[in-house]
Every structure is written in structure tokens, then in C-alpha cells.
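Undergrad: Now for the letters of each chain:
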Amino acid sequence: MSTTTTRAAAPGPDLSTRTLTTTPGGRRRHHQGSVQHPRDTAVKRTLYAIAGIGSALVFGVPLIWSILRAFQSEAVITSAPDPATFFRLGWENFAAVFGSSSHLLTGLLNSVIVSVCTAVLTAVLATMAGYGFARFRFRGSGLVFGLVLLTMMVPFQAILTPLYLEMNAMGLTNSLLGLVLFYTTVNLPFGVFVMRNAFESIPPDLEDSAFVDGASRFRVVVSVLRPLLLPGAATAALYAFLASWTEFLGALTFLTKDSLYTLPVALLNLQTGAYGQVSYGNLVAGSVVAMIPCIALYVGLQRFYVAGLSSGALKG
Amino acid sequence: MSTISARRSSVGRRPIGRGRAPSRNSLTHPPRTGALLVTPAIAFVAVFVLAPLLFALYISFTNWPLIGPYRFIGLQNYATLFQDPTFVHAIGYTLLYTAIVTVPILVLGYFLAVLVRARRRGSTVLRTVFFLPYVVGLTTLSFMLVLEAQPTSGAVNMVLRWLHVTDGTTAWLVNGPLATVLICVLVVWAVSGLTMVLLMSAMQGVPDEVYESAQLEGASWWQTERMITFPMIRPTVALSVIISVIGSLLAFNQFYILTQGGPGTETTTIVNAIYNRGFVNLQLGAATAESIALVVVIAAVTLFQFWALREKD
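So the protein lines, in turn, are chains A and B. Quick note on numbering: the first sequence equals residues 1 to 316 in the working numbering. Quick note on numbering: the second sequence equals residues 1001 to 1313 in the working numbering.
So that you can see chain A by itself, here it is in the shape it has in the complex (with noise of 0.2 Å):
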């Protein structure tokens, strides 16, 4: 049974399979709509190839030259570039990023503890909330769902105060938790949206005849239905993990506890000068660090990441 149903793995029973082909880098399939040029001139083979090459540096350069930076010392960051000494690498920023008393060490701990902590919640939540709008009828789950999906419009930017007194109230304001718990939430709607899609992508006879043979609904879940729903899991897993690990505004507002920074507050704290010298070499070793999850999940993780994107994944 599960060979016939793999194919419906797809977060999303509307993401077709024309979707898919769109990966950026990924893997190609069976492709109906493309926009092929068997017969490319050689001027426009030429045309492609300069401007290929030309964009493929503007946008991979900068990003290659600071990653650069991060393993020059602090005095040749701090002078004009020469090329003398510009490939002097070393691993010192670094060193210093993870020594003992690094209050980017702290802030990185932090986020790593809160985007797992959000990523898994949120896929946990979402599998709930999704199963029970796609196989549960109850009085007034469609004007729930449209609810859940009305939130996402609206910016957490615009709340931020309101947010901030209720949470100061809770206290869950300079408390790790209460960031999960607010990233959770931002998080939520997306992710009860696919995880709802990925439900529905199900045949519902997989479900029953698993019933039949007496699973419980738990087991039903974990074990039989697990494989045709990771997919979705996983990309509202990667979006939420993705999404606070940069997130800059709401960490700022309602943490104020050094030890309870995360990555990029820390930073930003090491740019003003809050912890002493401001280290240059420190900053973009950071930065680099910050940067690693987000490249290595993407790569990694393409063809979720995409899903996303085509299902209406971004606001603002």
C-alpha cells in the first residue's frame, strides 16, 4: 500500500509535481509546462553564459568575501584591503567566538535552543491541528481554520506592544520559553496550513483499514500514516527553525538578560560596543556562524524549503 501512496508525500496535495520541477538545484522530473530552448543560437548560448556567469558572481562573491573575512586577524580587517595580506587566514575569530567567556558562545547556545524548541513544538502542534481539520468535522472548524489562516496576515511588528505587556504579565518576557512560545505562534498558521494539505493528501481508507485491524489513533499517526507526513513536518519544521533563528525585532523587545541573548542580539550588542572593543573579526565570525544552519539547511533541505515557498509560505 504505502508504494502507491509515496507519491502523495508531497506537503500539499497542490503541489504538483510541476511545482516540484521548479527546485531550485533540485532534482528535475517529469516536466509538462517548461520553458525549453532546444534550439539556442549560439548568440544566445553566449548571451546566457555571460549573464550567468556575471549574476552568479555578484550574488556568490560578496557572500564568499566575507565568509573570507571571518578568518582574517583583526588588523588586516581593520585596514585597507590588500592583496598581500588578504589570504592570511586563521582560525582566531573563531577561537574567540567559542572561547569560554564569549558572549556570542552564549548567544549562539540560545538560538540553537530556541529555534529547535520552536521547529519541533511547531511541527508537533501544526500535525495536531492539521489532522483535525482535515479528517475531524465539528461545529465551526471552517471558521476556526479561516481564523488560523487570518492571523497570518496580520504582522507581529504591529502588535509588538500590546504583545510585549501581556508576556511581561505572564512572565514569560526575558525567559527563553516565552520566545518559543511567541515564535511558535508566528510560526503556527503556515504550518497548520501544510500540515492540513498533508492530511488531506492521504487516502482516508489508509486510515480506516489501520482502524480495522485496531491501532490505535496514536499509532495510526506515528506509525502508519508517519511517512506520508513528513514531508509536511518538515518543511513547517524548516520554516520555523529558519525563522527564528534570524529573528532580530522580537528578540530585541523581549529579551534584556545578556545571558539570555540570542545570535543576532548578541551581535548587535558586540557592533555597539555593549560588551567592551568592538571586534570587527568577532562580528563577521558571527555573522558567518549565524549563516552556516541557514546555507547547510537550505542546500540540504531544497526540496522542502521549496514546497513551502509554493504553497504561500512568505508574508512580508
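Derived from the structure by calculation, the hints contain no laboratory data. A hint or two may mislead.
Coverage of chain A stretches by chain B, computed from C-beta distances (three or more under 8 Å per stretch; other residues unrestricted) [said to hold, decoys possible]:
1) 151-159
2) 269-283
Chain A stretches covered by chain B per the calculated footprint, using a threshold of three residues with CB under 8 Å from any CB of chain B [to be verified]:
3) 42-53
4) 83-96
5) 131-138
6) 248-258
7) 291-300
Quick reminder that beta carbons are idealized off the backbone N, C-alpha and C, glycines included.
Fit chain B to the given chain A structure using the hints.
TA: Frame of chain A; chain B shown alone:
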């Protein structure tokens, strides 16, 4: 905003004949279990979005300080909204910033999409590279730009010297207009990858037959692009413009990191002004009234764009 919701609902449409929700008296799917399953998610949304939203309206009619008692002051926060020069300047500045970056993001994104939409050698690598800055995110990129914007040691001046644009040691971040230019370039570079992906998917959805018949008619590349591709992907163009405009109206991170809104309040965006008012000046009532004004502005801009970019019959 309505295009986004229209699009979302069409994506979320129930597939016909599959996954139909069982009836209310289903034995395997009792309604109560369904309600229980969605309760935690609803609770989160209610506590952290809906409650603050209602609370916002309430606060905006008070002189709420961060600490101490408050009292009702009616519509005073709204009446004085536009008498505050900082906030008015922030609105003007944010609109200016939005006006500057929107078209370049669309044009660059469109160009990149044209470049990588077809299956050619290297196109998959190019897609990944063009999208990388967006994935890394403006927050991290802004921290990296701090270094490169330094007068003597930064790469920005180095590149400009190399291009013979200037030979000076421009201090980019302490001059309002220069900082604005720099941030606009950063943003266009960083987010056009998103526009590319959205437009590319839409372009690949245009059926081949349309292009074949255009070719038979002897249409040039430009004619095909203008008369066929663009009209057919118009809804996606509208969507990507709306996404980028909302993003620009809510801009905060790159400005706060690179200039802290300065010099003075020259590069202070709306969100930054609200943040300062609420959490630096501790006037939460006024800050909340400004937030509500922001929500209204965003809704209005979205509706206007939806109207301006609507599909023509």
C-alpha cells in the same frame, strides 16, 4: 492582502474525491477528538495574536506607561499621531525606501527568472546561488555589511575606487542619504532571489503550446515576453510586488543594525519609530496607536496594489 488569501485558499482547496472529512457522527473520527486536536494551536493563536490585537485597541485609547497607572485619554493618541514629527518623518522615509526598492527588486528578480527558468547547463546551480542571500537573511547580511561599509577598510569603497567612481574614504553609515543608498542596494541584492523563484515557477507554468504558436506566427523574443509571458504571469507578479512592498513597509532589522535609525532620526523606519516610542520613550499608548496606523496603512496599500495590478479581462 486579498490576493494572498485568494491564492492561499486556492492552494488549500480540498482535492475532489479525496480526504473528505467524515460526517459529524463518525465513529472513527468523533467531533470531540477533532476539536481537542486543534485546541492547542488555537490557544496559541488566541493568546499571542488575537488577544494582543484586541488589547492593542484598548491600549491605544490610554496613556499607558511601561510602569505605573494609566488612564483613558480617548482618541488623543490618534489625534496627535501626525503631530509627532518623528513619526511623520518615519512614514515619509519608509514610503521613500519602499518606492526606491520595489521596482529594482521586481526588475532584477524578473531578469534572474528569465535567466534560469529554462533547463540549460548550469541553471540549477545559478538558481541556488541567486537565492542564497535571501536564505541567509537580511539580519546576518547587515552585520556583514557593517565591516564593508567602513571608510578605509571596507569593500564598498574599495570596489568604488576600483570602478573609478570615487577615490575617497566615504563613511557610508553616518550620512543619511548615503546609508539609504547602501541599504537599498543591500536589500535589492538580498531579496530579489525570492521574486526570482516566484516568477520562475509561474513562467514554467505557461503551456508550451502557447509559445509554439507564437513561434509559428514569427513573434520576436521581446514580443513573446511582452505579449505572452508577462500577461500570463501577471497574478504572480502582483503577488511578488505585494510581498516585497509589505516587507519594505515593515523594514526594521537592516536599518537598526546598520544605522540605528541615525544620524538623528534620518533613517528611522516606521517600525523603528514605534519601537523607540514604546520601548525607549516608554509611551506604550502612543506607540500602540502608531502600530494600529501601520496596520491600516499596510491594509490600504495592499488593497490599492491589488486594485492596480488586478487581472485585466
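Undergrad: Give a verdict on every hint.
TA: These are the hints, each one checked on the structure:
| no. | hint | in the structure |
| --- | --- | --- |
| 1 | 151-159 | holds (count 9) |
| 2 | 269-283 | holds (count 4) |
| 3 | 42-53 | holds (count 3) |
| 4 | 83-96 | violated (count 0) |
| 5 | 131-138 | holds (count 8) |
| 6 | 248-258 | holds (count 4) |
| 7 | 291-300 | holds (count 5) |
Hint 4 alone, counting from the list given before, is not met by this structure.
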